[in-house]
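Protein chains in written order, with my numbering: chain A, 155 to 543; chain B, 155 to 543.
None of these hints come from the bench; they were simulated from the model. Certain hints may be false.
Which copy is meant is left open, so a pair is good if it fits within one copy or across any two.
[As the list claims (entries may be wrong)] Below are the DSS-like pairs computed for lysine-lysine, each with C-alpha atoms no more than 27 Å apart in a straight line:
#: 1; residue 1: 168; residue 2: 157
#: 2; residue 1: 429; residue 2: 393
#: 3; residue 1: 168; residue 2: 429
#: 4; residue 1: 425; residue 2: 161
#: 5; residue 1: 159; residue 2: 170
#: 6; residue 1: 168; residue 2: 425
#: 7; residue 1: 259; residue 2: 312
#: 8; residue 1: 171; residue 2: 399
#: 9; residue 1: 475; residue 2: 170
#: 10; residue 1: 171; residue 2: 159
#: 11; residue 1: 393; residue 2: 168
#: 12; residue 1: 478; residue 2: 159
#: 13; residue 1: 425; residue 2: 485
#: 14; residue 1: 170; residue 2: 157
#: 15; residue 1: 399; residue 2: 425
#: 16; residue 1: 393; residue 2: 425
#: 17; residue 1: 399; residue 2: 429
2 protein chains.
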Amino acid sequence: PGKFKAKGFEIVTKTKKLGEDDPRRIRHSLKAGLAITLVSLFYYLRPLYDAFGQSGMWAILTVVLVIDFSVGATLCRSLNRGFATLIAGALAIGTEHFATLFGEKGEPIVLGFLVFFIAAASTFTRFFPVVRRRYDYGAMIFILTFSLISVSGYRVEKIFELGHKRLSTIIIGAATCMVISIFVCPVWAGEDLHNLVADNIEKLASFLEGFGDEYFKFSEDGDSAMVSKDDNSVLQDYKNVLNSKENEESLANFAWWEPCHGRFGFCHPWKQYLKIGVLSRQCAYQIETLNGYINPQPQAPSEFRRKIQQPCTKLSSESSKALKELASAIKNMTHPSSCDLHLQNSKAAAEELKIALEASPPVKTDLLEVIPAVTVASILINIIKSVEN
Amino acid sequence: PGKFKAKGFEIVTKTKKLGEDDPRRIRHSLKAGLAITLVSLFYYLRPLYDAFGQSGMWAILTVVLVIDFSVGATLCRSLNRGFATLIAGALAIGTEHFATLFGEKGEPIVLGFLVFFIAAASTFTRFFPVVRRRYDYGAMIFILTFSLISVSGYRVEKIFELGHKRLSTIIIGAATCMVISIFVCPVWAGEDLHNLVADNIEKLASFLEGFGDEYFKFSEDGDSAMVSKDDNSVLQDYKNVLNSKENEESLANFAWWEPCHGRFGFCHPWKQYLKIGVLSRQCAYQIETLNGYINPQPQAPSEFRRKIQQPCTKLSSESSKALKELASAIKNMTHPSSCDLHLQNSKAAAEELKIALEASPPVKTDLLEVIPAVTVASILINIIKSVEN
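Just chain A, same shape as in the assembly (with noise of 0.2 Å):
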């Protein structure tokens, strides 16, 4: 017993935690325990079972396989799901009554032909890079209402009025999760994007910042520099940015589908984030790099480190103020008005490190040249801004 509270006891914990990482999600699952009560009403209220029927159960079904997190996933399904409905609905019809010409003996089989064949050619389009990214979800339901309703056909006489039943239902678990979802504590996937971009580039702004003093910690406190890499969280934020493109991209994918909001304008143009997003990635590989000389063994010679301290610290520091104002620029939607400024000194830094680099012996070098390319990057990044405002 002792066990099972302890267990219990953890599990609480993580819920908890969860719930407060981001109180979004608590309300994502009230909002789908809302949604799913509300269709249910279907089957709760006389007049409206009296009408549906059996296919008040359609609603139930749409509203689970269509609600999601952000607004733009559950537009996606849900606009997925109506029109790949309509579409299988029609061209069901229209096979069932093609089947029915080759007499009762024929019509099963050339259903089962028919059935297979678009079965199988709308799963091999599923392949296809552009349908899997914006339309998976609608071929599937295209499949799945196609080969129901063929050949449910096959048995159910009054065809047209049960399609009609259920598309009507559909149609009303879809709006409920629309309405939901716009309505209710709109998560909203461009703006999601559009802070995760950001926080990427301050994250890789920060390790720049720390980078600096991390890496001239002298023999004296040699020990000490060991045990603060390992708990320093800072540092380590920059990883996160590495694995950052799925996720960018399947965001992108939703903010796609989300309306105007806020401050994004019907077209706002998500394509941009994803440009900024690989240059972050390419800027966080070269700190990767970096980050594996923070603590090499042998170290390099002291008084040679001593030389380079001061413009290696500027260069990174400054890179760091040119990337954290151009996250703050992204955040605000504003024009990076100091970012150059920061950038010249970093470059003005970087020519001063040339100069220590050739009075002195040629160790450990390598360090320093990769920052210059930290700032090539973080260039390219400020151009591309410029090109979005």
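Dock chain B against chain A, hints included.
Then chain B, alone, in the frame of chain A:
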């Protein structure tokens, strides 16, 4: 009409290419078609239809929702679907009985409240990482089945019989999918993962192989070096490795569900592949940094580059050989025998390089020091590999 023709032609070409790139896609489509046609026999065959009636629809629904490209994915969904339906069904019938205690007026209110509460709670569980990774689909089906059965139980009298019929058709649908995916041209996620990991290491190796030649093209053919960089796709292959994380993780997830097959036992250490994947990615980040130095403006002075050419080329080609050895060892599941030798050679080359560096001016040395880092990474991979065998 000319435009349509061109568009049609384009689609045909793309379709052909998709099929040729991976013929398993065509087979998968045919398998999906086959599974759907098989379960639609519930409608075509008179005795089956008499026994199950409209419940046959659930078999079709299950097949469409469950069937997926790899065996692991299909099994994961089928089992999730089956168990979630069972648990949700039992819980829903319990809930329904409980709600009837509150009389005719109270029943819909109590039922509505319970459905809201359970739907919200299970939506929230989908945010737990472990549920999201392995049972996300099951949670969705749980919500679906629970709301459908408990809500429709309010109107339908013979809820046990209905549930029984539905459950058996769902099980038949899921079983059909499992059998078809395992026995008809199976696509194993585990095998895909195995090959993906080995291919990724090979891509890194081919970059390092080509890198020496590419970097040490001297100014007499400076222009041609530029051109060749753009169309030298071997050198760019490694870029796929950078973003392989998501893909590897989902494959490892699906592989977890697969029974033993071919050379893979039941408890094959799939997590080891993820570790190798992480190391390959670290390696790829270093290479990304290196790649930035292939065509810098301005180039380092060529007399300096001549000095370091010999050890550098040796270093990168020996690391490349070690990685290739490793990749083929993973592919054939043998112990990498000559890998250590190549690593020794590359370490020796790194020493030579250091000596050459100390005798020359300090420009563009970074490039050279990064390669040892790659070597270190490859040593790490090697260790992991030894652990695995």
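Going through the hints against the structure:
In this assembly of identical chains, the alpha carbons of residue 168 and residue 157 lie at most 27 Å apart only when taken from the same copy (17 Å versus 58 Å across copies). When the C-alpha separation of residue 429 and residue 393 is checked against a cutoff of 27 Å, the pair qualifies both within a copy, at 19 Å, and between copies, at 16 Å. For the homomeric pair residue 168 and residue 429, the shortest alpha-carbon distance between copies (26 Å) is at most 27 Å, but the shortest distance inside one copy (36 Å) is not. In this assembly of identical chains, the alpha carbons of residue 425 and residue 161 lie at most 27 Å apart only when taken from different copies (25 Å versus 45 Å within one copy).
Taking the closest pair of Cα atoms, residue 159 and residue 170 come within 27 Å of each other only inside a single copy of the chain (16 Å); across copies the shortest separation is 59 Å, beyond that limit. Taking the shortest Cα distances, residue 168 and residue 425 sit within 27 Å of each other only across copies (24 Å), while inside one copy they are farther apart (36 Å). When the C-alpha separation of residue 259 and residue 312 is checked against a cutoff of 27 Å, the pair qualifies only within one copy, where the shortest distance is 21 Å, while the shortest distance between copies is 34 Å. Taking the shortest Cα distances, residue 171 and residue 399 sit within 27 Å of each other both inside one copy (26 Å) and across copies (26 Å).
In this assembly of identical chains, residue 475 and residue 170 lie within 27 Å of each other by CA distance neither inside one copy nor across copies; the values are 36 Å within and 51 Å between. For the identical chains of this complex, residue 171 and residue 159 are intra-copy neighbours only, at 18 Å inside a copy versus 57 Å across copies, given an alpha-carbon limit of 27 Å. Taking identical chains as interchangeable, the C-alpha atoms of residue 393 and residue 168 lie at most 27 Å apart only when both belong to the same chain, with a minimum of 24 Å there against 37 Å between chains. In this assembly of identical chains, residue 478 and residue 159 lie within 27 Å of each other by CA distance neither inside one copy nor across copies; the values are 46 Å within and 52 Å between.
Taking the closest pair of Cα atoms, residue 425 and residue 485 come within 27 Å of each other only inside a single copy of the chain (16 Å); across copies the shortest separation is 38 Å, beyond that limit. For the identical chains of this complex, residue 170 and residue 157 are intra-copy neighbours only, at 20 Å inside a copy versus 58 Å across copies, given an alpha-carbon limit of 27 Å. Taking the shortest Cα distances, residue 399 and residue 425 sit within 27 Å of each other both inside one copy (13 Å) and across copies (22 Å). Both within a single protomer and between protomers do residue 393 and residue 425 lie at most 27 Å apart by alpha-carbon distance, with minima of 23 Å and 20 Å respectively.
In this assembly of identical chains, the alpha carbons of residue 399 and residue 429 lie at most 27 Å apart whether taken from the same copy (11 Å) or from different copies (20 Å).
Checked against the numbered hints above, the structure violates hints 9 and 12; every other hint is satisfied.
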